[in-house]
Structure formats: C-alpha cells, structure tokens
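There are 2 protein chains.
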Amino acid sequence: MKIPPVKGTRDFYPPEMAVRNFIVDGWKKVSLRNGFEEYDGPIFEYLKMFQIKSGDEIVEQLFSLTDRGGRDLALRPEITPTLARMVNQRINALPRPIKWFSVPRLFRAERPQKGRLREFFQWNIDIIGTDDVLADAEIIFTTIDYLRQVGLTSEDVKVKMSSRRLLAAVLRTIGICDAALEPLYALLDKKTKLPEGTFRALLAQQVPDSEVAEKIEAFMDVKKISQIKNVVGLDDDVDAAVDELAMVHRFLREDMEVGEYCKFDPSIVRGLAYYTGVVFEVHAQEGELRAICGGGRYDNLLCDLGGPSISATGMGMGDCVLEILLRKKGLVEKELQRQGLDFFVACVPGITFDDQDGLVKSTSEDEVVRLTTQLRKKGLCADFSYRSVSLGKQLKQASERNAGTCIIIGEEFKDDKIAVKDMTTGEQELLGYEEFLSNLGIGREEK
Amino acid sequence: MKIPPVKGTRDFYPPEMAVRNFIVDGWKKVSLRNGFEEYDGPIFEYLKMFQIKSGDEIVEQLFSLTDRGGRDLALRPEITPTLARMVNQRINALPRPIKWFSVPRLFRAERPQKGRLREFFQWNIDIIGTDDVLADAEIIFTTIDYLRQVGLTSEDVKVKMSSRRLLAAVLRTIGICDAALEPLYALLDKKTKLPEGTFRALLAQQVPDSEVAEKIEAFMDVKKISQIKNVVGLDDDVDAAVDELAMVHRFLREDMEVGEYCKFDPSIVRGLAYYTGVVFEVHAQEGELRAICGGGRYDNLLCDLGGPSISATGMGMGDCVLEILLRKKGLVEKELQRQGLDFFVACVPGITFDDQDGLVKSTSEDEVVRLTTQLRKKGLCADFSYRSVSLGKQLKQASERNAGTCIIIGEEFKDDKIAVKDMTTGEQELLGYEEFLSNLGIGREEK
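As they're listed, the protein sequences go chains A and B.
For the working numbering, count along the first sequence from 1 and bump the result up by 65.
For the working numbering, count along the second sequence from 1 and bump the result up by 65.
Please note that the accuracy of each hint is not assured.
As the list claims (entries may be wrong) - Restricting the straight-line Cα-Cα distance to at most 30 Å, the calculated cross-link-like pairs of lysine-lysine (DSBU-like) are:
{"no.": "1", "chain 1": "B", "residue 1": "Lys93", "chain 2": "A", "residue 2": "Lys443"}
{"no.": "2", "chain 1": "A", "residue 1": "Lys94", "chain 2": "B", "residue 2": "Lys443"}
{"no.": "3", "chain 1": "B", "residue 1": "Lys328", "chain 2": "B", "residue 2": "Lys289"}
{"no.": "4", "chain 1": "A", "residue 1": "Lys328", "chain 2": "A", "residue 2": "Lys225"}
{"no.": "5", "chain 1": "A", "residue 1": "Lys94", "chain 2": "B", "residue 2": "Lys223"}
{"no.": "6", "chain 1": "A", "residue 1": "Lys461", "chain 2": "B", "residue 2": "Lys94"}
{"no.": "7", "chain 1": "B", "residue 1": "Lys482", "chain 2": "A", "residue 2": "Lys443"}
{"no.": "8", "chain 1": "A", "residue 1": "Lys67", "chain 2": "B", "residue 2": "Lys223"}
{"no.": "9", "chain 1": "B", "residue 1": "Lys258", "chain 2": "B", "residue 2": "Lys394"}
{"no.": "10", "chain 1": "A", "residue 1": "Lys426", "chain 2": "B", "residue 2": "Lys328"}
{"no.": "11", "chain 1": "B", "residue 1": "Lys328", "chain 2": "B", "residue 2": "Lys426"}
{"no.": "12", "chain 1": "B", "residue 1": "Lys461", "chain 2": "A", "residue 2": "Lys93"}
{"no.": "13", "chain 1": "B", "residue 1": "Lys256", "chain 2": "B", "residue 2": "Lys179"}
{"no.": "14", "chain 1": "A", "residue 1": "Lys93", "chain 2": "B", "residue 2": "Lys225"}
{"no.": "15", "chain 1": "B", "residue 1": "Lys72", "chain 2": "B", "residue 2": "Lys93"}
{"no.": "16", "chain 1": "B", "residue 1": "Lys72", "chain 2": "A", "residue 2": "Lys93"}
{"no.": "17", "chain 1": "B", "residue 1": "Lys426", "chain 2": "B", "residue 2": "Lys93"}
{"no.": "18", "chain 1": "B", "residue 1": "Lys258", "chain 2": "A", "residue 2": "Lys72"}
{"no.": "19", "chain 1": "A", "residue 1": "Lys93", "chain 2": "B", "residue 2": "Lys223"}
{"no.": "20", "chain 1": "A", "residue 1": "Lys443", "chain 2": "B", "residue 2": "Lys486"}
{"no.": "21", "chain 1": "A", "residue 1": "Lys72", "chain 2": "B", "residue 2": "Lys93"}
{"no.": "22", "chain 1": "B", "residue 1": "Lys72", "chain 2": "A", "residue 2": "Lys443"}
{"no.": "23", "chain 1": "A", "residue 1": "Lys113", "chain 2": "B", "residue 2": "Lys179"}
{"no.": "24", "chain 1": "B", "residue 1": "Lys394", "chain 2": "A", "residue 2": "Lys442"}
{"no.": "25", "chain 1": "B", "residue 1": "Lys461", "chain 2": "A", "residue 2": "Lys94"}
{"no.": "26", "chain 1": "B", "residue 1": "Lys399", "chain 2": "A", "residue 2": "Lys443"}
{"no.": "27", "chain 1": "A", "residue 1": "Lys443", "chain 2": "B", "residue 2": "Lys461"}
{"no.": "28", "chain 1": "B", "residue 1": "Lys289", "chain 2": "A", "residue 2": "Lys93"}
{"no.": "29", "chain 1": "A", "residue 1": "Lys94", "chain 2": "A", "residue 2": "Lys461"}
{"no.": "30", "chain 1": "A", "residue 1": "Lys72", "chain 2": "A", "residue 2": "Lys393"}
{"no.": "31", "chain 1": "B", "residue 1": "Lys426", "chain 2": "A", "residue 2": "Lys461"}
{"no.": "32", "chain 1": "B", "residue 1": "Lys461", "chain 2": "B", "residue 2": "Lys223"}
{"no.": "33", "chain 1": "A", "residue 1": "Lys93", "chain 2": "B", "residue 2": "Lys393"}
{"no.": "34", "chain 1": "B", "residue 1": "Lys482", "chain 2": "A", "residue 2": "Lys442"}
{"no.": "35", "chain 1": "A", "residue 1": "Lys256", "chain 2": "A", "residue 2": "Lys328"}
{"no.": "36", "chain 1": "A", "residue 1": "Lys399", "chain 2": "B", "residue 2": "Lys94"}
In short, the hints are calculated from the structure, not lab data.
Given these sequences and hints, build the entire structure.
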C-alpha cells in the first residue's frame, strides 16, 4: 500500500532540503547580524487566540484540532499572535526594546497554488516597545540586507512603502468616516490584484460619492510623496504622516545606504487589520509574482491579546514566493554547487597490510574507516562506501556525493603513501600518509 | 484576556531558543561530518500511515485532525514512517546506500512529565540499503560523536547494545514459539522500568513454564557476550548473532576508537515492533533518567509501507531528556555565555558634527546608525539603542546584550576618534576611526 503526502505539503529530499536551508539559514544569519534574537513558540495554540486578531482570510484557513481534553486548538497560521502572547506573559521582565526574530513553520488550509502552500516557512522580525521610526527603518533595512545577501539587486526587487497613518489621514480629509476605514483598507489592499472595473464597482459600493471615490483612486496612483498635496490639499495630519514616512526614507537612504531599493507607493495597504503606521511590501520588478514579503507598524496587537498598549513594528517573509524568484534569477543553483563532502575515502578492495612480524595488521577497508574517523574527528565532512565495491564504483559515489577530495588507499599504503585526488580538476598525487594527516592538523598522538 | 500556551508545549524565549539551537545545530553538524544528508517531511501526514507500523503506544497518542475535504490527518509522532514513504516514492532514482538525517519536530498527545512533552525535537539518522554491520557501527559512532562533541564522556553515558536477532535466537533455543516473540519483546523491553515482582508475574502469564522463564531472566542479566552460552548452550543461530554483535563492537573499538562508550546489555530490547537486528540505547550512568536515545536495524519497514524489502538501520534522539542531562552536567551554560553581539554602538547623545563649511553634517545618533550599518555589512552582529537615552543606559544595554565590544561616539569624533571598550576586561581606548574601520577590512570606498 503506497501512501502519498498530503496535498499542499512538501517532501524535502536532500536537494530540496538544501534549498530550504539556504533560505532559512540566510534569514537567521541576517537577523543575528542586525541585532535580533531568535524565539519560537509551539506549532499549535488555542484556537481562540487566532480568532481574536488574525485577518478573516487567515481565520477561515485554520487547521483546527481537538486534544483529548476536548480543547479546541489550531496549527499556527502566523507567529505574531504567539509573539504577542509570549511578550505579554513576561512584559515586566523583558528589557526593551524587544528585538526578536523567528523562522516558524506555518499552516494555512488554503487551495494550493503557485507560491502558496498549506505548509510553509516564514521569516519574522519584530521590534517591540519603541515608536521611534528608526525601528521601522531598521526592519526595512534588515529585509533589504537579506535580499542583497542572496544576490537580489535593486533592479530585481523594490520595497514599496506607504503608511496606514497617512492613508487614514488622507481618507479622513476627503470625507471618509472612521467606521468606514477598516473595510475600505481591505478593498484598497486588493486594488492591484483586481481588474480595474471590478475594483471600481466595489469601491462605489463602499464610497457612493463618486467625487470622493475618484480622489481615493487619484491618491492610490500618486508616484511621489510631494504630489499628495495636489490630491488632498493641505492637512496637518497628512503632513505629519508624510514627515514620518520621509524620515524613514531618509534613514534608509543616508545612514543605511539602501535608498535605491526603496520607493513610495500609496497602493500598499496590507490586508491585516492590525497595522497602524508605516507599511511596506517587497515586489519583484518583473513578472506577476505575489509580494515577497510585507510588514509595518502595529500598535494594538499586544493590547488586544490582554497586554498593555505597546508600539511594535515587524516584517514577515514566506519561503514559497521567494524560492520561485531565487530560482528564476539562478541564485539557488550557484549556492547548491558549493555543498558536498570534504573528503570521500576509497580503497583498492581486499589488500592486507602486515605489521613488522608479518602478521596481518589491517585491511584496506579497515584503513578507510580509520582515516574517515580521523577526518570526522577534525570536524571535516567525510564518508566512504560500504562492502567491497570496485574502486571505480567508489569513485563514482565520491562524485555523486560532490566530494571535494577523494583519498585512495591502495598498494602504496604499504609504503605509507596515499593517493589524493582533487575531484574538481581530476588531478591525483601520491602523498605520505603522515604528511597528509599533519597538514590537516591530525597529529601522531591523535591517530 | 490573557491566553496561556497549550499544556505540554514550550515557549522558546531567546535563552531557551539558544539552548534548542545549541542542541539542534550540534545534531546537524555531527550528521554532516559523518556523511549524512538532511531531509524532512511535512508536519502532518495521512492518519492511516502512522496506524500501519508505529507502536501501539504511539498510535494511541496521535494528534489527529481533519482537513476541509474530510481527510483524516495526524501530526507526526515520529519521522520514520515519513522516511519510508519518501524512500519508497523514489526507490529507483535514489543512489544507495541512502544515508540521511533529519531533526523533525514531533507531537505526542501524552501526559506531560519530566523528559516527555507533547511537542519535541528528535534527531534521526538512518542508513538504508545495506545490511553491512559497518552501517550499524556507523550509526552508533555518529551518536557517540555527538555526545562527545557536547562534552559527555564515557563516564557520563554508555551505549548499551544488544540484538533482536540474538534475542530471537536465544528465545527460540529455549523453547519460545515464533508467534509468542513479539508480545514477549514488549514485556522484556519494560523489565528495567517495572518492579521485579510485577515483571515476574507478567512474564509468568506469557511464559507459564517456570524453567523457561528463569532462563529468560538469566539471559537478561548476562554481563558479557561470552557468558551467553552458559545460559542457552550451543546454537548456530545464537553464534551467528553473537558474531555479528562482536563485529559491530570491534569496529567501534578498533577502527572508530570509541570502545570505552560501548557495552553489551541483553536487557536492551526497544519497544517498537519494527526492529530486526542490532539494537541499542544510550543511558546516563547516574540518575533515573529515561534513555537519551535508541536505535537499531529494521528490515521490513519500507516493505510494510508498500515498498521493496530493504535493510535499514537508524537512531532517534529526543531533545528533552538530553537537555536535562546537559544542564545537570553544566554543559549548556558554558555554551550560552559565548553567544552575544560582536559590537554595540553607543554615543554621547545630541552632539552635532560640522562639515568644512561649518554646516551640520550629522548628529552622534546618525553616526551610530552609519557605523552599525558598516559593521553589519561585514557580517558582524551589531546593534544600538533607539532614542536619545543616556550613555549609561546604552552601556547597560550593551552589557545585557552580551556585546563583546562597545564603541562610543563622543566629542572625540570631531577629531575622527572613537572610544572602543572591551566589555570583558572593561578596558577602553581611543582609536582613529579610519584605523578602526580598516582593521575590520572596511575600506574608505565602502563607507
């Protein structure tokens, strides 16, 4: 009976696992150098926790389960509610600002499609406990630092930035009441994904006054921050929001030197309800891919989950869309070629080596295991073949395992010599065994 | 409304996460240097897959869930069925032997207790496609290589080895029929965990002949392989199983030089039904902890999951018992002290620096962000404080973040000098800014 994997999940065979590690290890490395500390929570939490504050789409897609005690649980669809729960739990003990990252595995019961799976990984970085816009700039810088690290240039990707605060100020100025803001955000967030006619019809339902609707569309199309006043006129709240966004941009351009990656785009709204300030998404310049990542400032999440009102800003980047883009740009293969064994130890099968009295001391197979053990002891990745297979087959295996160097123990070992084959150039030379070992820092006493 | 984590799960705050990473990264590193390649499967699989071959205890403890299509799924309680499924799926394409490792997150709905949680991590190494006992030896060596790497000596832990093949041969020789073997394995596996009287009563139920039962107990107490014949007399199958076990021991002692960690112990049976050859467990020498890990040869698992009959051998080590032991031996704290920021960049708040024309070029806060950016660009872990907090508070933060070095940008920066404070010794010196940067390989053009 053959059993398949569940639809929307992935099997990570070694080649796919290497790609996943390339992505996840990069996330970790960049987080650490930008001063974030790693955390994680459980894979499942109480169902109600996600129902409180995750977006409707996410709540509809929860994988729920019941434990033996009848408690309703759910596989986590995002890590932010867990983060809020954890921070609330130790709110007085944690030094602020809290600057944490995580690379959780997440689950959403949605229809699997390109760039969207039911099980995926997501890089999350968050700075909690400061309303300094420098923190927003740092979240965006760290995101760019990763993109740059994996080889994506400002020609490949752009960070599109806007601000919920700005959007709210603009909408209020042109006559939208506060109660109408939240449903309007959800619609505006979908603007670039909907056909123009559909968007316009839906907008007309929410904003019957066609003049106001036109102003909203005009604002969404603004290309430069300085043009906003042409659409909405002068307003103190709008000005303050503009200044804030301009300051984030200044940090990124002047102090962090990544201005070429960033641009203002008022069509960036973000779907989730909890954003309150600067918001951003990263998009590939070419093609029809979904956003590579998104984030922004959220000021009420901890509060909604039973904690104090503390300002926070963060970013989430999934692995699926990113991997599609990295593969498209040829940035994955390059990395994978570098992986493999340091050494493969082979032998001419069945040779015996005698001691001074002419007694059998060892076989070539024994010496393979002994040498491999020494290499591993030094932290080097080393492997060999089982059984007495021909030398040709052993060399084939060395090549399959992408070994950098292949050692061959043959007749020359009687004179304490081994053959060392460079698997890249194919060059082979005879070396004294002691010399080879001591070059690797393996002394006589360690043997 | 405050929401707690689900019972039996863990929140990994940065200090706990550092311990988890210390354990999991060590598993990965040791696997790679011993020639294993990493794989992983999905967190959930079809429920029936686990019902086929996992032990009864495991099946009872499954976390099951139903997806929108009404399919019965379960969170994985172990990775081996997934491994078998994945190998079966590509059986003709995979080069053999398959030598893979994984560090999956696993789930068991059991009563949380010391060393047992509902959600945990488990290191798995497996070699599939060879019946060479060298592979069994390598599984055990790799296990020991990890234990040694984290600082556990042969005084701290011992690998107790036996063989299902040997046990079967012994039991058959003394008159147990084949059908009675499997329930008997389950009982014998519990011998060391049950009070003597309870074990004896349960054994009498399965083996009514008291002479046979006594022989079984006598075999379980044998301390040396050479004593087996005193209990069961001479038998070809027993001899062959003994030879096999002796050869594994010889590899470990002579070629891999870890003999001091290994000993024969016939009370090692392993609970799971699928073992067929060499079996082993690692136990702490002191205290009442459960086994740190266990493993052995399993020859029918792939076959039972719809694949061909291929021999395999492997090991699984959870993180919970291991962590208790590592903490008890003081091996965790040592590692954690080493972690922290490379640099914390601080400043005397509010200083302005002028350019040649006397115009404000930057503030001390700007220069903090600029220097930090340069350090991060070089891959160094660097951080700073938000807002203008006093220098004292910044230094306190540097210390909390376990920074190796703290840089202070003060009045001296007007003369292109910075203060560099070694946080371990407390020593502080003034250095030229350019000199400091060029020592780190940061050139003028990169600034």
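Checked hints:
no., hint, in the structure
1, Lys93(B) / Lys443(A), "holds (16 Å)"
2, Lys94(A) / Lys443(B), "holds (12 Å)"
3, Lys328(B) / Lys289(B), "holds (9 Å)"
4, Lys328(A) / Lys225(A), "holds (5 Å)"
5, Lys94(A) / Lys223(B), "violated (36 Å)"
6, Lys461(A) / Lys94(B), "holds (25 Å)"
7, Lys482(B) / Lys443(A), "violated (42 Å)"
8, Lys67(A) / Lys223(B), "violated (39 Å)"
9, Lys258(B) / Lys394(B), "holds (24 Å)"
10, Lys426(A) / Lys328(B), "holds (25 Å)"
11, Lys328(B) / Lys426(B), "violated (72 Å)"
12, Lys461(B) / Lys93(A), "holds (25 Å)"
13, Lys256(B) / Lys179(B), "holds (20 Å)"
14, Lys93(A) / Lys225(B), "violated (38 Å)"
15, Lys72(B) / Lys93(B), "holds (28 Å)"
16, Lys72(B) / Lys93(A), "holds (28 Å)"
17, Lys426(B) / Lys93(B), "violated (49 Å)"
18, Lys258(B) / Lys72(A), "violated (42 Å)"
19, Lys93(A) / Lys223(B), "violated (35 Å)"
20, Lys443(A) / Lys486(B), "violated (35 Å)"
21, Lys72(A) / Lys93(B), "holds (28 Å)"
22, Lys72(B) / Lys443(A), "violated (42 Å)"
23, Lys113(A) / Lys179(B), "holds (28 Å)"
24, Lys394(B) / Lys442(A), "holds (23 Å)"
25, Lys461(B) / Lys94(A), "holds (25 Å)"
26, Lys399(B) / Lys443(A), "holds (21 Å)"
27, Lys443(A) / Lys461(B), "violated (39 Å)"
28, Lys289(B) / Lys93(A), "violated (49 Å)"
29, Lys94(A) / Lys461(A), "violated (35 Å)"
30, Lys72(A) / Lys393(A), "holds (24 Å)"
31, Lys426(B) / Lys461(A), "violated (63 Å)"
32, Lys461(B) / Lys223(B), "violated (45 Å)"
33, Lys93(A) / Lys393(B), "holds (29 Å)"
34, Lys482(B) / Lys442(A), "violated (45 Å)"
35, Lys256(A) / Lys328(A), "holds (18 Å)"
36, Lys399(A) / Lys94(B), "holds (22 Å)"
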